[in-house]
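Student: Sequence:
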Amino acid sequence: MNKAPGVDERREVRSAVTRFLTAGFVALVLVATPVAFWIWAEAERHALANARDFTQRLADNVVGPLLTDQLLARDPAALELLDERLAPWLANGGVTRIKVWDEHGRVVYSDVKSLIGQDFEQEEWARRLLEGGPATATLESQTGEENEYEADSGELVEVYARSSSASGAPMIFETYSSGVAVRGEQRAVLMGMIPPMLLSLAVLQLTQLIPAVRLARRIQLDQVTRNALLRCAIEASDQERRQIASELHDEVIQDLSGLAYALESEERYGPPELQAVFSKARTMLQNNIRSLRAMTSELYPPDLEELGLKASLLRLETPLVERGIALTMEIPDKLVLDRDRAVLVYRVAREALVNATKHSAAQSVALRIRHAGQRTQITVSDDGRGFDTSQPRPEGHFGLRILGDTIRQAGGTLEVLSTPGAGTSVTATFGAAAPSVRWASRHPAASPREDSLPQRVPLRSLPERGALR
Numbered sequence: 003m004n005k006a007p008g009v010d011e012r013r014e015v016r017s018a019v020t021r022f023l024t025a026g027f028v029a030l031v032l033v034a035t036p037v038a039f040w041i042w043a044e045a046e047r048h049a050l051a052n053a054r055d056f057t058q059r060l061a062d063n064v065v066g067p068l069l070t071d072q073l074l075a076r077d078p079a080a081l082e083l084l085d086e087r088l089a090p091w092l093a094n095g096g097v098t099r100i101k102v103w104d105e106h107g108r109v110v111y112s113d114v115k116s117l118i119g120q121d122f123e124q125e126e127w128a129r130r131l132l133e134g135g136p137a138t139a140t141l142e143s144q145t146g147e148e149n150e151y152e153a154d155s156g157e158l159v160e161v162y163a164r165s166s167s168a169s170g171a172p173m174i175f176e177t178y179s180s181g182v183a184v185r186g187e188q189r190a191v192l193m194g195m196i197p198p199m200l201l202s203l204a205v206l207q208l209t210q211l212i213p214a215v216r217l218a219r220r221i222q223l224d225q226v227t228r229n230a231l232l233r234c235a236i237e238a239s240d241q242e243r244r245q246i247a248s249e250l251h252d253e254v255i256q257d258l259s260g261l262a263y264a265l266e267s268e269e270r271y272g273p274p275e276l277q278a279v280f281s282k283a284r285t286m287l288q289n290n291i292r293s294l295r296a297m298t299s300e301l302y303p304p305d306l307e308e309l310g311l312k313a314s315l316l317r318l319e320t321p322l323v324e325r326g327i328a329l330t331m332e333i334p335d336k337l338v339l340d341r342d343r344a345v346l347v348y349r350v351a352r353e354a355l356v357n358a359t360k361h362s363a364a365q366s367v368a369l370r371i372r373h374a375g376q377r378t379q380i381t382v383s384d385d386g387r388g389f390d391t392s393q394p395r396p397e398g399h400f401g402l403r404i405l406g407d408t409i410r411q412a413g414g415t416l417e418v419l420s421t422p423g424a425g426t427s428v429t430a431t432f433g434a435a436a437p438s439v440r441w442a443s444r445h446p447a448a449s450p451r452e453d454s455l456p457q458r459v460p461l462r463s464l465p466e467r468g469a470l471r
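Just add 2 to the spot in the sequence shown (first one is 1) and you have the numbering used here.
Treat the hints as calculated values from the structure; they're not laboratory data.
These figures come from a predicted structure and were not determined experimentally.
Think of the CB as a built atom: it goes at the ideal place given N, C-alpha and C, for glycine as much as any other residue.
There may be inaccurate statements among the hints.
[Claimed, not checked] List time: in silico DMTMM-like cross-link candidates among lysine to aspartate or glutamate, alpha-carbon distance up to 20 angstroms: (1) 360 / 324; (2) 312 / 332; (3) 101 / 77; (4) 101 / 121; (5) 101 / 113; (6) 101 / 55; (7) 360 / 319; (8) 101 / 82; (9) 101 / 187.
[What the hints assert, rightly or not] Okay, the calculated beta carbon distance ranges per label pair: (10) 237 / 290: 28 to 34 angstroms; (11) 31 / 317: 55 to 61 angstroms; (12) 16 / 233: 43 to 49 angstroms; (13) 17 / 182: 48 to 54 angstroms; (14) 252 / 334: 36 to 42 angstroms; (15) 129 / 96: 24 to 30 angstroms; (16) 20 / 182: 29 to 35 angstroms; (17) 72 / 121: 17 to 23 angstroms; (18) 138 / 79: 30 to 36 angstroms; (19) 129 / 75: 23 to 29 angstroms; (20) 114 / 135: 23 to 29 angstroms; (21) 33 / 86: 32 to 38 angstroms; (22) 233 / 13: 15 to 21 angstroms.
Please model the complete structure; the sequences and the hints are all you need to start from.
Tutor: Right, here's the structure in full:
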């Protein structure tokens, strides 16, 4: 059934706008996700940089001056003095553990007294730091041999900074602090930057929405205009065919019929020596009259609105039966098409059947129609002689070419598959996304996909395909 044009137009515009918004949302997610990870990583890098700076200042201004020879000799008074100076940083929770290493890997100071004096293997990073390398900061769980007292503390910020004793000996100053503060800073930065970024992208999307709606409406208007022009072209073509058929039937065929009667009279009553000539002329004339009558029948199809598509298609069987060609039809019982699409389906069937009748030398022809939603497909296959689609077709055979142009303008596709000796298949599909007209050699990989449409009736096996000229 036909729907009101305004309803279809609004529906298609809404569909286009919905697709635009969906694509914009997907793009928003694709852009925001990596940006969020980047912000998260940058916030962590910034927090670790702050931890390095803080540790370096603590090492240079507080710990370094107190790393005297007495402290290195583990003098209790020197150790107690350093404990007092570092107590405020340990008490406020900013720093959870402090260690000082000498260049040989021995712990010369720690807030855990049992670690003082222990020796650990010096790693490459420590040697680089002692030689003047930059301070390092990491955020991770501590599982090393020297981290016996930090193993159960979860994520910790571990910072190594270079320092010097009062005598100038190189030292490594190590601090541990909770990773909760870093994660909190990351979340704060992320929550502070994501909303304005999303808002900016959303505003950009909305500013593009109005031009998108206008563009969708313009495209829809062009589509409506094109469909109206196509409808006018189809109606004009039908009118022209009807007029030509009428003139042939009312004038030319009538005159030729009268001439045939006159020849028959002359054949009977004229001079005996001319009877053979009149008989041959009358036979030729009668054959031409039959050809003209068949032509008028082809030019002037039955009224689809009165007979319906199925009844009109059944009337196309007569010329095939007269030539001894079997026709098999598969038409859905509940096939409902608008007038324009029914006309196109009928024209495809008529043109393909006429070609199969006149040129293919086929023994059987199969016509199949499938319909699902907005998509309609008609296939006409024969078991005739076939032809090579790579070779030019004979001049004067433009029926399917013209029909293909019409179908393409209607937003459909026309595909002709044929191989010499293996028959021909003509398939027209309306409602396809990418309209085109193709002429290709028949090959299993190139045949139209039949699984894209639900089958309403069981499909009988089709005969081999025939020729199209």
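Student: Each hint needs a verdict: does it hold in this structure or not?
Tutor: Verification of the hints:
1. 360 / 324: Since the Cα atoms of residue 360 and residue 324 sit roughly 12 angstroms apart, the hinted pair holds (cutoff 20 angstroms).
2. 312 / 332: 10 angstroms, holds
3. 101 / 77: Measuring from Cα to Cα gives roughly 16 angstroms; hence the hint holds.
4. 101 / 121: 12 angstroms, holds
5. 101 / 113: The given pair, whose Cα atoms are some 7 angstroms apart, holds under the 20 angstroms limit.
6. 101 / 55: Holds - the C-alpha atoms of residue 55 and residue 101 are around 17 angstroms apart, at most 20 angstroms.
7. 360 / 319: It holds: about 14 angstroms lies between the C-alpha atoms, which stays within 20 angstroms.
8. 101 / 82: 14 angstroms, holds
9. 101 / 187: 26 angstroms, violated
10. 237 / 290: 28 to 34 angstroms: 31 angstroms, holds
11. 31 / 317: 55 to 61 angstroms: 58 angstroms, holds
12. 16 / 233: 43 to 49 angstroms: 24 angstroms, violated
13. 17 / 182: 48 to 54 angstroms: 50 angstroms Cβ-Cβ, so the 48 to 54 angstroms window holds.
14. 252 / 334: 36 to 42 angstroms: 38 angstroms, holds
15. 129 / 96: 24 to 30 angstroms: 29 angstroms, holds
16. 20 / 182: 29 to 35 angstroms: 44 angstroms, violated
17. 72 / 121: 17 to 23 angstroms: 20 angstroms, holds
18. 138 / 79: 30 to 36 angstroms: 32 angstroms, holds
19. 129 / 75: 23 to 29 angstroms: Given range 23 to 29 angstroms: holds, Cβ gap about 24 angstroms.
20. 114 / 135: 23 to 29 angstroms: Given range 23 to 29 angstroms: holds, Cβ gap about 26 angstroms.
21. 33 / 86: 32 to 38 angstroms: 54 angstroms, violated
22. 233 / 13: 15 to 21 angstroms: Given a distance of about 20 angstroms, which is inside 15 to 21 angstroms, the answer is holds.
Hints 9, 12, 16 and 21, counting from the list given before, are not met by this structure.
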